[in-house]
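Colleague: Protein chains in written order, with the numbering used here: chain A, 6 to 423; chain B, 6 to 423.
Check before you lean on any hint, since a few could be wrong.
Where chains are identical, the list cannot tell them apart; a pair therefore holds if satisfied intra-copy or between any two copies.
Straight-line distance between alpha carbons at most 35 Å, and here's what the computed DSBU-like set of lysine-lysine pairs gives [to be verified]:
(1) K221 / K18
(2) K273 / K17
(3) K273 / K20
(4) K20 / K221
(5) K70 / K17
(6) K221 / K17
(7) K273 / K18
(8) K278 / K221
(9) K48 / K273
(10) K48 / K221
(11) K66 / K221
(12) K66 / K36
(13) K36 / K273
(14) K36 / K20
(15) K81 / K66
(16) K20 / K48
(17) K18 / K48
Calculated from the structure, these hints are not laboratory results.
There are 2 protein chains.
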Amino acid sequence: MTSFPELLLKGKKAKDAAYFLGNLSSQVKDKALEAMAFELEAKQEAILAANALDVEAARQKGLSKALLDRLLLTPKRIEEMAEGLMAVVCLPDPIGEMTHQCRRPNGLDVGRIRVPLGVVGIIYEARPNVTVDAAGLCLKTGNAVLLRGGSEAIRSNLAITQVIASAAEEAGVPAGAIQTLETTDREAAQQMMRMNEFLDVLIPRGGAGLIQSVLKNSTVPVIETGVGNCHIYVDYCADLQMAENIVINAKTQRPGVCNAMETLLVHKNVAGKFLPQVARRLLQLDVELRGCPRSVALIPGIQEATDEDYATEFLDLILAVKVVDTFEEALEHIRFYGTGHSEAIITNDYQRARNFTRRVDAAAVYVNASTRFTDGFQFGLGAEIGISTQKLHARGPMGLNELTTVKHVCYGSGQVRE
Amino acid sequence: MTSFPELLLKGKKAKDAAYFLGNLSSQVKDKALEAMAFELEAKQEAILAANALDVEAARQKGLSKALLDRLLLTPKRIEEMAEGLMAVVCLPDPIGEMTHQCRRPNGLDVGRIRVPLGVVGIIYEARPNVTVDAAGLCLKTGNAVLLRGGSEAIRSNLAITQVIASAAEEAGVPAGAIQTLETTDREAAQQMMRMNEFLDVLIPRGGAGLIQSVLKNSTVPVIETGVGNCHIYVDYCADLQMAENIVINAKTQRPGVCNAMETLLVHKNVAGKFLPQVARRLLQLDVELRGCPRSVALIPGIQEATDEDYATEFLDLILAVKVVDTFEEALEHIRFYGTGHSEAIITNDYQRARNFTRRVDAAAVYVNASTRFTDGFQFGLGAEIGISTQKLHARGPMGLNELTTVKHVCYGSGQVRE
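Chain A with its partners taken away, still in its complex shape (with noise of 0.2 Å):
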């Protein structure tokens, strides 16, 4: 294997930095994003310049129009990079709570308190507003940052990074805090996922394919982020203008994320009645409907949905539907289908509601609402890294505290084991 000399350089450059970033004040932290927002639209052009390259080559390459969609940086989309770094600084800083701190009876005085991670590698794609994301959050929480982005943004990316890391440098940041990796090599990828000397935890964001790669090659502790095939069960008991209100959003208002819905279930004693009214108004949202053989019958002209299509996440204006006979049939899809993610209930049985909450295992479980609300903003953590899938650490959206661990602070007056 090819070693890379860049990645041991900056790993090494970020567990220094890492060293003084944890004493950090929040003082200093807070004026370096101030800093680098403020810089992010002094040096725009730049940062459009370099980007306009990236466009153009991904554009030969034939890249779709979605993915050059998000590749794509605009005056207007750097401004919103700089407010996201702003509300970063009103945030509360997380480090030095102390979480927990007890007497024990010999006179020594445990506590926990909140300290960095140390170094966060991140693992992404083409979206040049991660890296902007991703050090803010990091150097709010005491954390270097070590980014490898994907090669279509390679030149944005560089040029958005040495614009912060410059400015946060200025303001008192240690060098070596936010780093970009060069080389989008995909055998420094791998080298990176095995860097445990340097690096802490790596959070993979992108597409199922990144994610299972990280997850299968790294040594490095990984947080799984991401795969969301969530389902609505609707309920016989349930509101039927609030499940179509509730299917309809969850649906239709941003399909291409990962808590959208993927599958109706719905329960054979409403489903006559609700199914076609439902699926009237998704057909005119331009959605493609897959149902079982019932729901066919009760939706005439869609197409028969496979075993695939259940276990799909498509993120796009597809969903597949099924009839279930009882609410144990609807909690037994999910868990053979579902991928932990968010999964909803729509009911006003009290029971049901009560069996599903328990029942479900996954990083969110609603009730009478849609599964679009999981999301660190959403669920007021003013924040968020990504969603984590596992259950390790972090569970659900990932705000400040979730970049953080914990220290045992112990006072004594000379205690010994006996």
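Position chain B relative to chain A; hints supplied.
Modeller: Only chain B this time, still in chain A's reference frame:
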């Protein structure tokens, strides 16, 4: 790679059990723990007989005396294991605790509720008591456990599992909640490390070799436990009598454990007075000292320490010693050689005490106390499944809470995303 049907079978069974375990009442779980404790003692003959076979085989294979002792079970030790289970009964059940709830501006109530991790895999070495400990703590927290012990203890582990799993099942715990793998094949362990579809977390317990192997090979999220190259720094403002007691305790009270001190750092201003005095007591207690040139000059006859010595977790009556010129040099030494487990300063200087606790990056940092307190019981957790030396999910002693994760439960009245 060979595939082991036993793993898939038991993995699936564990996953199925976990689905029900999360909603088992505390009453049932505690009754089961009591039954397990009772049956362990009632059926100890079968366990002791199996253990005798393990011990005999190990003796013939020429296992060291220390390992044989770890493997050996006696009626007294079985009684202790049963007492351990009864102690877990007395702990509060963490499952179902709402750790945070807020009402969002749109009226959605978002709460975080504590739930089990799911299926916990434990890979461990020749200590049969881990089987009971881990099973008890996992059951209390509603997790299914899949145990993979060392080949030396396989008969003992299977006999123990047979007894406790039956007792639990009779008390209403789903089958599959407590299982031990019969195959102790290395390849089976490798396969277990990649059973992401069945395991939510893997906790290795044993020596550095085992832990490194799991870290390098597992795709299942791992909690790293154990390695502790712990330091005590005796400052020039230390109470030297206190320092001596703490050093003796941290090195000799139980040298084979991860929170024992491995290197003693002494400020040059007090080295002349402190080192000869503490060395006398350490040598009397059969501690072998390895020192820097200045230490050797003060403690005639001791061996010179190598870089290797400073990097080694001896887990034995061996202590590396170094005289440092400054507080900063002590910090740098700890930063370079430390493993982030437990580090202590002995001083009466406020500023250095504060700086030490802020700047040393470890699971536990101490002022004027022995490093030996880094332990779930000593920290008041009431239990311990291991000591995490990583930063994700858990850091330091892990008790019941560290065997849980959260689920976001959202109660709405028709909320949709704007």
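Colleague: A separate judgement is required for each hint: does it hold in the structure or not?
Modeller: A quick look at each hint next to the structure:
1. Both within a single protomer and between protomers do K221 and K18 lie at most 35 Å apart by alpha-carbon distance, with minima of 27 Å and 24 Å respectively.
2. In this assembly of identical chains, the alpha carbons of K273 and K17 lie at most 35 Å apart only when taken from different copies (31 Å versus 60 Å within one copy).
3. With identical chains, the CA atoms of K273 and K20 are at most 35 Å apart between copies only, with a shortest distance of 29 Å across copies and 58 Å within one.
4. Taking the closest pair of Cα atoms, K20 and K221 come within 35 Å of each other both inside a single copy (24 Å) and across two copies (21 Å).
5. When the C-alpha separation of K70 and K17 is checked against a cutoff of 35 Å, the pair qualifies neither within a copy, at 38 Å, nor between copies, at 43 Å.
6. In this homomeric assembly, K221 and K17 come within 35 Å of each other (Cα to Cα) both inside a single copy, at 24 Å, and across copies, at 21 Å.
7. Taking identical chains as interchangeable, the C-alpha atoms of K273 and K18 lie at most 35 Å apart only when they sit on different chains, with a minimum of 31 Å there against 61 Å within one chain.
8. In this assembly of identical chains, K278 and K221 lie within 35 Å of each other by CA distance neither inside one copy nor across copies; the values are 46 Å within and 55 Å between.
9. Proximity of K48 to K273 under the C-alpha cut-off of 35 Å is found in neither arrangement, the shortest distances being 59 Å within a copy and 52 Å between copies.
10. Proximity of K48 and K221 under a CA criterion of 35 Å is satisfied in neither setting, with 39 Å inside one chain copy and 43 Å between copies.
11. Proximity of K66 to K221 under the C-alpha cut-off of 35 Å is restricted to the intra-copy arrangement: shortest distance 29 Å within a copy versus 37 Å between copies.
12. Proximity of K66 and K36 under a CA criterion of 35 Å is satisfied in neither setting, with 40 Å inside one chain copy and 65 Å between copies.
13. Within a single copy, K36 and K273 get their C-alpha atoms no closer than 59 Å, and across copies no closer than 40 Å, so neither meets the 35 Å cut-off.
14. When the C-alpha separation of K36 and K20 is checked against a cutoff of 35 Å, the pair qualifies only within one copy, where the shortest distance is 22 Å, while the shortest distance between copies is 49 Å.
15. For the homomeric pair K81 and K66, the shortest alpha-carbon distance inside one copy (26 Å) is at most 35 Å, but the shortest distance between copies (73 Å) is not.
16. Taking identical chains as interchangeable, the C-alpha atoms of K20 and K48 lie at most 35 Å apart only when both belong to the same chain, with a minimum of 28 Å there against 54 Å between chains.
17. In this assembly of identical chains, K18 and K48 lie within 35 Å of each other by CA distance solely inside one copy; the values are 25 Å within and 59 Å between copies.
When held up to the earlier numbered hints, the structure conflicts with 5, 8, 9, 10, 12, 13 and fits the remainder.
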